[in-house]
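Engineer: With the hints as extra help, turn the sequences into a complete structure.
Protein chains: 2
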Amino acid sequence: MFVIIVYDIKVERVNKVKSYLRENIYWVQNSVFEGEITPSEYEKITKKLKEIINEEEDSIIIYKFPMEDMMERNIIGIEKAPINTIL
Amino acid sequence: MFVIIVYDIKVERVNKVKSYLRENIYWVQNSVFEGEITPSEYEKITKKLKEIINEEEDSIIIYKFPMEDMMERNIIGIEKAPINTIL
Numbered sequence: 001m002f003v004i005i006v007y008d009i010k011v012e013r014v015n016k017v018k019s020y021l022r023e024n025i026y027w028v029q030n031s032v033f034e035g036e037i038t039p040s041e042y043e044k045i046t047k048k049l050k051e052i053i054n055e056e057e058d059s060i061i062i063y064k065f066p067m068e069d070m071m072e073r074n075i076i077g078i079e080k081a082p083i084n085t086i087l
Numbered sequence: 088m089f090v091i092i093v094y095d096i097k098v099e100r101v102n103k104v105k106s107y108l109r110e111n112i113y114w115v116q117n118s119v120f121e122g123e124i125t126p127s128e129y130e131k132i133t134k135k136l137k138e139i140i141n142e143e144e145d146s147i148i149i150y151k152f153p154m155e156d157m158m159e160r161n162i163i164g165i166e167k168a169p170i171n172t173i174l
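Going line by line, the protein sequences match chains A and B.
Residue 83 in my numbering sits at position 83 of the first sequence; the count goes up by one each step and never skips.
Residue 99 in my numbering sits at position 12 of the second sequence; the count goes up by one each step and never skips.
Just so you know, these hints were derived from the structure itself, not from any lab.
Misleading hints may appear alongside valid ones.
[Claimed, not checked] Covered by chain A, according to a simulated footprint, are these stretches of chain B (three or more residues, beta-carbon under 8 Å):
no., stretch
1, 104-110
2, 145-151
[Claimed, not checked] To list a few chain B residues with every Cβ distance to chain A over 10 Å, as calculated:
no., residue
3, 113
4, 122
5, 123
6, 124
7, 125
8, 127
9, 166
A virtual CB, placed ideally from N, CA and C, is assigned to each residue, including glycine.
Structural biologist: Now the structure itself:
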């Protein structure tokens, strides 16, 4: 499946979220990550994110769809992290 | 079509982008908007965003897909702006 993860995390926890996601999928912008993952990776990632964040204060939205090619990506302005670059 | 718009805009222009998008689609988190729009609205929005931003310094990614129900949304933590609320 393909996921886009966007988050709004309190400053004291944001780096932990960022580092964890960088190990697993691609950073594309500010607080946005995306990537192709397996269902078991999806379970692992959501479980870990729940452990890191404070669910009363932070917010993460995971958009998931079966295949990346269902979606089209239009970039306006600079491309922060070219999708094809492994970070 | 359904779009998710994420942006990373310099502080001097970010409110202009935010206000413009609020008039057209739904704010869901920090710098994330989403909504169902027509192809002509899509053209209008991308044209206007290009006018507002500095394409050398700012970055906007528009993810678009034919239908909202191709996508599943998983919210972890707080829901900043409930999708069903018209802002």
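Engineer: For the stretch 104-110 of chain B, do three or more residues have a beta carbon lying closer than 8 Å to a beta carbon of chain A?
Structural biologist: With 0 residues in contact (Cβ-Cβ under 8 Å with chain A), the coverage given for the stretch 104-110 of chain B is violated.
Engineer: Mind verifying the non-interface call on residue 166/B? Its CB should be farther than 10 Å from each CB in chain A.
Structural biologist: violated, 7 Å
Engineer: Against chain A, does residue 127/B keep a CB gap of more than 10 Å to every residue?
Structural biologist: Residue 127/B clear of chain A: closest Cβ-Cβ about 15 Å, beyond 10 Å.
Engineer: Within the stretch 145-151 of chain B, is the number of residues with a Cβ closer than 8 Å to a Cβ of chain A three or more?
Structural biologist: Answer holds; 7 residues pass the 8 Å Cβ test.
Engineer: Taking the minimum C-beta separation from residue 113/B to chain A, is that value above 10 Å?
Structural biologist: holds, 12 Å
Engineer: Please settle this one: residue 122/B was flagged as non-interface, so is its CB more than 10 Å from every CB on chain A?
Structural biologist: Given a closest Cβ separation of 13 Å, the condition holds.
Engineer: Over 10 Å from every CB of chain A: does residue 123/B meet that, or does the non-interface label fail?
Structural biologist: Check passes; 14 Å lies beyond 10 Å.
Engineer: Test the statement that residue 125/B is away from the interface with chain A: the closest C-beta pair must be farther apart than 10 Å.
Structural biologist: holds, 16 Å
Engineer: Compute the least Cβ-Cβ separation between residue 124/B and chain A, then decide whether it is above 10 Å.
Structural biologist: The claim holds: residue 124/B sits with its nearest Cβ about 13 Å from chain A, beyond 10 Å.
Hints 1, 9 from the list above are not met by this structure, while the remaining hints are.
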